[in-house]
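Dock chains B, C, D and E against the given chain A, drawing on the hints supplied.
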Amino acid sequence: MGIRAQRRGLFLTVAGIAFMISACQKPTSDTVQQSPASARALSGSLADPARLQQDDGQWVMSAKNYAATRFSSLGEITPANVKQMGVAWTFSTGVTAGHEGPPLVVGDTMYLVTPWPNILYAFDLTKPGAPIKWQYDPKPLGAAKGVACCDIVNRGAAYANGAIFFNALDGRTMSIDAATGKERWVTQLTDINRGETMTMAPLVVKGKVFVGNSGGEFGVRGWLTALDADSGKTAWRAYSTGPDKDVLIGPTFKPHYDSDRGKDLGITTWPGEAWRIGGGTVWGWLSYDPEADLLYYGTANPGPWNPEQRPGDNKWTAGMFARSPDTGEARWFYQTSPHDLYDHDGVNEMVLADLQMNGGTRKVLMRADRNGLLYVIDRLTGEVLSATPFVPVNSNKGVDLKSGRLIPVKEKESKQGMVVRDICPAAPGAKDEQPMAFSPKTGLLYIPHNNVCMDFEGTAVSYIAGTPYVGASVVYKAGPGGNRGFFTAWDPLAGKPKWQIKESFPVWSGALVANDVVFYGTMEGWFKAVDANTGQLLWQFKCGSGIIGHPMAFKGPDGHEYIAVTAGIGGWPGAIVSADLDPRDATAGNGWGGMLADLKKTTTKGGMLYVFTVGGGT
Amino acid sequence: MGRFTFALVCTMAATLGCERETRRYTELPAAANRSTAVRLTTLQPGSPQPISNVQSPYQYNAYGLAEGKRLYAAYNCAGCHGVAGGGAIGPALMDDKWIYGSHADQIFSSISQGRPDGMPSFGGHIPDQQIWQLVGYVQSLAGLVSQDAATSRNDDQIVGKPENRIEGTKQIQTGHR
Amino acid sequence: MTQTAIDVSPLPEHAFGHRSILWWATMGMVAIEGTVFALLIMTDLYLKGRNEHWPPGNILPPGLLWGTVNTIILLVSTIPNELTKRAAEKFHLRTVQLWLIVCMLFGLAFNVVRVFEFMSLNVSFDSNAYGSITWALLGFHTVHILTDWVDTGVLTVLMFTGPIDEHRFVDVSENAMYWYFVVLSWLPIYALIYFAPRIA
Amino acid sequence: MAPLIQSVLHPAGVQAARLNQLWWVMFWVCTVVFISVLTALAMAIARGRRSASNASDATLTGSVGAAVGISVAALLVLLTASEITGRDLDALKAQNALRIQITGNQWWWDVQYLNPDPSLTVVTANEIHVPVGRPVGIVAKSNDVIHSLWIPALHGKRDLLPGRQSEIWLQADRAGVYRGQCAEYCGAQHAKMALTVVADLPDDFERWLSHMRGPAPPPATESQMRGRDVIERGPCAMCHSIAGTLAGGRTAPDLTHLASRSAIGAGSIPNTRGNLAGWIADPQHIKPGNKMPATGLASEELQALLDYLETLK
Amino acid sequence: MNAHPLEQQKADPRLVYDDPRLEPAALERERRHHEASWPDPRGFLGWLRSTDHKSIGLRTIVTAFVWFAMAGVLAALMRLQLSRPENTILGPDLYNQIFTTHGTAMMFLFAVPVMLGMGVYLVPLQVGARAIAVPRLVAYGYWMLLFGGIFLFAMFFANVGPDVGWFSYVPLSGPEYGIGKRPDVWAQLITFSEVSALVTAISLIVTIFKLRTPGMALNRMPLFVWAMLVVSFMVIFAMPAVMLSSTCLILDRLVGTHFYNYAEGGDVLLWQHLFWFFGHPEVYIIFLPALGMISPIVSTFSRRPVFGYLALVLSNIATAFIGFGVWVHHMFATGLPQFGQSFFTAASMMIVVPTATQIFCWIATIWTGRGVRFTTPMLYVLAWFFVFLIGGLTGVMVASVPLDLQLHDTFFIVAHLHYVLIGGSVFPLLAGIHFWFPKITGRMLNERLGKVAFWLFFTGFNLTFFPMHILGLQGMPRRVYTYPAAMGWGSLNLLASIGAGIIAVALTVYLINVIVSLRVGAAATDNPWDAADLEWSTSSPPPVYNFSPQPTVGSRDPLWHTELTPPFVIGLNPEKCEVLVTHLLDAEPDHRYPTPGPSIWPLLAAIATTILFIWSIFSPWGVVWGSIPLFITLVGWFWPHRGVPPREMERELARLEPREATS
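Quick note, the sequences are listed as chains A, B, C, D and E, same order. No gaps in the numbering here: position 510 of the first sequence is 510 in the working numbering, and each next residue is one more. Here the working numbering runs 1000 ahead of the position in the second sequence, where the first position is 1. Here the working numbering runs 2000 ahead of the position in the third sequence, where the first position is 1. Here the working numbering runs 3000 ahead of the position in the fourth sequence, where the first position is 1. Here the working numbering runs 4000 ahead of the position in the fifth sequence, where the first position is 1.
Don't take every hint at face value.
[What the hints assert, rightly or not] Computed far set for chain E versus chain D, every beta-carbon distance over 12 Å:
#1 Ala-4522
#2 Val-4635
#3 Pro-4645
[Claimed, not checked] List of simulated lysine to aspartate or glutamate pairs, DMTMM-like, C-alpha gap at most 20 Å:
#4 A:Lys-263 with D:Asp-3117
#5 E:Lys-4576 with C:Glu-2033
#6 A:Lys-502 with A:Asp-531
#7 A:Lys-601 with B:Asp-1096
#8 D:Lys-3141 with D:Glu-3167
#9 A:Lys-139 with B:Asp-1117
#10 A:Lys-254 with A:Glu-383
#11 A:Lys-410 with A:Asp-422
#12 A:Lys-600 with B:Asp-1095
#13 D:Lys-3141 with A:Glu-413
#14 A:Lys-397 with A:Glu-413
[Claimed, not checked] Reference excerpt, derived from the structure (chain D facing chain E, CB under 7 Å, subset only):
#15 Ser-3007
#16 Leu-3022
#17 Phe-3034
#18 Ile-3045
#19 Ala-3046
#20 Leu-3060
#21 Ala-3067
#22 Leu-3079
#23 Ile-3146
#24 Lys-3157
#25 Asp-3159
#26 Pro-3162
#27 Ala-3183
#28 Gly-3289
Hints are computed from structural coordinates only; laboratory data are not their basis. Positions of the beta carbon are idealized from the N, C-alpha and C atoms, including for glycine.
Isolated chain A (complex conformation) (with noise of 0.2 Å):
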């Protein structure tokens, strides 16, 4: 169990968030609150995604706002009547891959992208039961499976003026009328012949619709793309590696260290054309600082693994860029894994909040990452303010505030042809893609992740388009303690958990804070509800797969508040199960199977939605 500070109220000195920058506007919650189903929709297919984020009976973008707190404030779920928290409805997607991502409700409308074949479905919350309103497929190529390398996921939708915007795993970028499941253009993006997918859930701000790419492990140069909403054409591609003119870098920008200033970075700290193929994706989260006008996203791994094959910074893989929405020029960028060694994307979502911290209000971006460091960065210069590990990690002593720099441990680089043991964070991070939560009500960090440790083995591996890059043979193991998971509230302000929930397996499913409770699910199955303060569990719901998914709450059109999650086991831990690997091959799932054989006996496969509430039923 975590550890139950005693000083609550101290830390609780939370001067704003994003999420309050809606809460101080007049909110349109009440209005929508009491307007007909219909209206709530008509209201909702006109308004800007920037002025739904902020009402918390809808949930328009996966991470239900720009600044990606994953918080609600419907307060009808209390720690005291969670218990009594049942079933409302279900849907089975027939898809036996791995289910990330929310839902979105917009309006009396509650959408659901699957993974691949990426059926987008829309279901009427207004019917009983909540009826099948539309559906529309992508019919993505099946070609595209082979080469995403976790699972064939998808992670959710955004919704604006009227549209659904989601990404197929063939590259194509689709908005889709939201009234009526009509297509209004697709887009395509990548080539999967290079091994380049989309999984990632877009973000929609001031008319753009941003995406990324998928495929580090194949090769892949990552870029983010702005697409116009209305049309789908392309405004603006902003590499991740390669000269400064593709990358987007101009007078503009202006990074915090040294180490970042120099021309063609993107070139220069790659050894000959590495580059074109050197990964830096951008499959994770987005987030957006309407005050700032800054859009915030992290770049993947560069490829391969292997080390070795890379020497060099690597620019601009495994970092955080700032860039304008508008025109894409990066403003910041700053480096989690220079040199990245261990797979340690720098995707994770970022957290903006408005902290008090030595004696002044910061706005700063909260990021846990795969590093094992939880990073709290000035989010308009790029500096670091701390970066403190929220698990036992062994592969870096920290940053070096001063440089910026990732501190490594020598004895625990790479060295190919060589088994390095026990390296902790694994390759999958302390944290991967699953998405914490934040409450400005406590001030803590709701972070699901990971304790897993990995030995590795770069290996010389050749560039062949449309097949794996990787160069690496890896093993998990679980950390210190023996439990592979943990479910830790952290309190960003004292740099150490609150409490902290042990889990059997990996915590892959995002978190959810609804005004007091938390939700997350676990890899056996179990939905569960615990107390947002005290870290006790009020109630848990055994699904029928294991939970990869990430649980959102809404208001129904009957206003009552609810909860809904996917449950349907995959992702790249859970290709174990849904792919059906054999873990008597250690690195099966990329490194999984030695660690993960007990969860095939655990749960099996099977994409599911529940939607619960207090009560249940309809």
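Relative to the frame of chain A, chains B, C, D and E by itself:
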């Protein structure tokens, strides 16, 4: 000139004649036309023909299997199917489930032609000879080749049993999952 | 010139200890196997030097219980062993028979416990070099225990069924010698297997 | 092209020169010893035949002792010479040295010119250039079995050990082309695992190195374009790399500047168009057992491929 | 002291004079008694059961020479392939199998066994023993050698010949790169030949320690016996290293252990350390017996006792000790720290001192001898001085770390090692065969043919191997199956190949000489060369029981000091085939010991072992199941045939000692 032409014509006639008069009752050696009789199912109309039991020319050949193992790594097969065949992006190769069949010619076709759910088609990108070597090695992952000829462990991280210690799988299931 | 000769007919027809041919042959075997043990120990130390952690990774050192139990069994077994040897050198057939059976029982106990020892090594021979050399050390010693045990068994049977002459008693004495070697060689191996991983 | 020099007795660098010196010291001392002992033996035979008179045992002991003493003295001379040479060889390590990493593979050499700035790294294979008069520190590694790097005109051997890394320091003092060869038996084609070493004048070397940093030139003619297509779409790209194209294989030698190299197949045959064609068509004929398969390219494809490969200067 | 009656007190042997048993007729009776009692099994089955050291020794020598011939044919094939550049007679695959099999067979199946075979034949005779100690073990050792050799060559002909070099460096011989069963064949052949050598070494040590005839104190032992003693000890301490390393190799390959897997904490240099810890002493194991043969030959044909007996003995021992300290000089190119370099250079060069001492002692012997008799054996020995000096001096060069960096793994080393091994060992061996042939067969070898063979061999040898020094300096590496014409190595290689042809002719002449002389050679007397050691005191060839009566000695050169006629040994029971066991240091009589008779069990045990070894290449279960027949054969082997049932024994004990019954 005329004499030369005459000689040329005679020579050509002779060569053609030899070729023409050759009565090849046995067509090419089995290895050459293996891929034609590939079946992915046992279900056939009428009385079923036996499933072809064409074997990889390297089934009992240690060198061919070792080459297969080298190529399995060199062509990034390991990236999808696991270092020891446990699977990752692609299905496991060490178990008893073979979506497109475990017979040598079926595996050959899978590698050469590719398969719709993500298996790239390697035909034309690597010589057939190497595909056969890969076939032999892939079979060894499930214990389908002679243990005497199968490869042993690599000088690398050990993530599963070496192929020469894998007991043959008894029941091979074939079919879509 | 008078022919002289050495008449050796008064000499005995057998001798114990270093006077006997078999003792030297046994010592030859002991020298060979002792060399192998020494080289195995050197190999272990060499590999230990090549590895940053010994045991590598998060492998636990072998459990102490069974190894220690076995060490005690081995050390105690020297008592019946010595008694067998003395009885043999005095040609006390009954006593030899009795102690040989006791020795057999000790050997049996040892071999049974050895199985548990292998199970408590916490590493497999094919996991890594540490596992390989640890298994090799324990395995090679087990081969000695096993062969000497089987050897003692044959000798025991022989002492009950015959045919017997004085040389059988010499055999029993040599067999006891060899057992001492097996016991003595165990001690450094025991230290290496069970304590070296705990020191570094 | 200058004749290939691969001889201990024709040193072209300071290290090899020292070893050559040591060799001649050893040779002459040993020759003297050899002749002396045989003379003694001949005298003994002659004397023994002449008279049966025995020298006293004490005299004999003295003589034998003296002979052994002289042998020991000769030995000490050699030991000292060896020791001095050993120290001299160690003295070459230098800060401003050129650093080359050579990785052994069955049966070719992977070469990387290291640079603190990773983008200035140069990758090539089977042929190295070194500047005259500048120390070169070679980092020796292996990807598979044990190989041994031996360029007799420049220095002695250094084993390339898998799982370990070693170093050797050498320097060329005369411009020229020197041949090196794998000296540790490494399997089927141990015999055909040679390395060409070109010692350039410093300016030439810098020019060469900066040229090597560039990618392959884009194809100019239709046929060359077709040739690049054959590489990218055909089997070549599965194993070979050519910077500037899609070919990124690392299991076989880098071909980015293939045409500038003097030999193919790790020194198996001279690099001519005809040889290259023969090699691509049937590499197993020229170097049986090597890892390159016959690719079965159509002749039109082969010609286009050759057209393109010839541009890879 | 409550001594049991059966526990006999040490009784002193008596010196007897004028005993009726010393009458010539009585001695002849005793000889006949021995003749009748010592088993000399006839026929094929008898041949299989034989435990007579002369029979086993001779067949070991013959078998080793058969392997020598086969390995020699392989050498000729290599020379044929290398005779011109870019030759395509042999492909790399076959060539690599050939040079590996050649090296392996020469080292493991010829050089060591033939020397031990000479020892098995000669040592009991030279120490005046009636038999070798633990003869069944020696018989077993022979069968293992035979089966090992058959195994290797059968596998070679089945295209499963080892192809990783006689040193089988990992990882080339390891599970990943040593493809197929070829390296397993090598590793198991090692086990065969090591088992054979080890048991033989034990037997020789025990024979030398315990069976020396009275009077032969350690300081009177013939130098060949000293050499065999030292060599046997070297075998015991060196061979386990290669057995261990090859066992680890098989385990790595078969069940996936990681002794040599650098990725998982093993190490590739571990192999080299273990291998050369054996491999360097191995050279002296081959070389020292040859030196032991030189001493009697030099002494005999210079007609004086060898000069510097003590120095020669100490040199032997010193060589053995230093030989164990210099294994790293095979690993200089792996990169050693400077300190290690100096140490191993010095140690490697130090070995010159004992060798030089020996050479000078022999020169002194010749110098002060009574004129050299230029017999064929002596010619070989004189040639030995020439070739071995070259080999030894190039050895000094190679011992220098810096120079070795240039010479290592080149043809210079090929030249060096053949000068040392053929020059150092085969020349004396051929001399020894000539020397002892009369003793072994009862017939003299033809001197004329012998000299023809000698001069051909000497010429061919130098022609073959001397150019290789130059080739090495010109940069030609070892173990290459071909070389480019442009390298200019063609003519010297051709010369070497011609030399190899001459060697082949020379050895054929030698063989013809042996065959012809066996049939029509002059009959040999007991001591045709007028040599000094005890083996020349018995008939040629010696009887099964070696001597009757058993002689004792009073000096180092017993046959040259007949004025001190030593007494005979009498009183050994021929019925039980008794041998006289003496004390270790001064060889005083201690007790009588019945030597075990012929037995089929060593053969059966060897067959069972062979099955186990070969099976274990394919499955680890081969070791488990294979040990069952081995166990059965061993029980059969050791099951006694003499003695009484326990009850009877007990009764006898009770009768002998009533006191015990009451206690």
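Checked hints:
no. : hint                       : in the structure
1   : Ala-4522                   : holds (26 Å)
2   : Val-4635                   : holds (45 Å)
3   : Pro-4645                   : holds (62 Å)
4   : A:Lys-263 with D:Asp-3117  : holds (14 Å)
5   : E:Lys-4576 with C:Glu-2033 : violated (32 Å)
6   : A:Lys-502 with A:Asp-531   : holds (15 Å)
7   : A:Lys-601 with B:Asp-1096  : holds (18 Å)
8   : D:Lys-3141 with D:Glu-3167 : holds (9 Å)
9   : A:Lys-139 with B:Asp-1117  : holds (13 Å)
10  : A:Lys-254 with A:Glu-383   : holds (11 Å)
11  : A:Lys-410 with A:Asp-422   : holds (13 Å)
12  : A:Lys-600 with B:Asp-1095  : holds (14 Å)
13  : D:Lys-3141 with A:Glu-413  : holds (17 Å)
14  : A:Lys-397 with A:Glu-413   : holds (13 Å)
15  : Ser-3007                   : holds (5 Å)
16  : Leu-3022                   : holds (5 Å)
17  : Phe-3034                   : holds (5 Å)
18  : Ile-3045                   : holds (5 Å)
19  : Ala-3046                   : violated (9 Å)
20  : Leu-3060                   : holds (5 Å)
21  : Ala-3067                   : holds (4 Å)
22  : Leu-3079                   : holds (6 Å)
23  : Ile-3146                   : holds (6 Å)
24  : Lys-3157                   : holds (4 Å)
25  : Asp-3159                   : holds (5 Å)
26  : Pro-3162                   : holds (6 Å)
27  : Ala-3183                   : holds (4 Å)
28  : Gly-3289                   : holds (5 Å)
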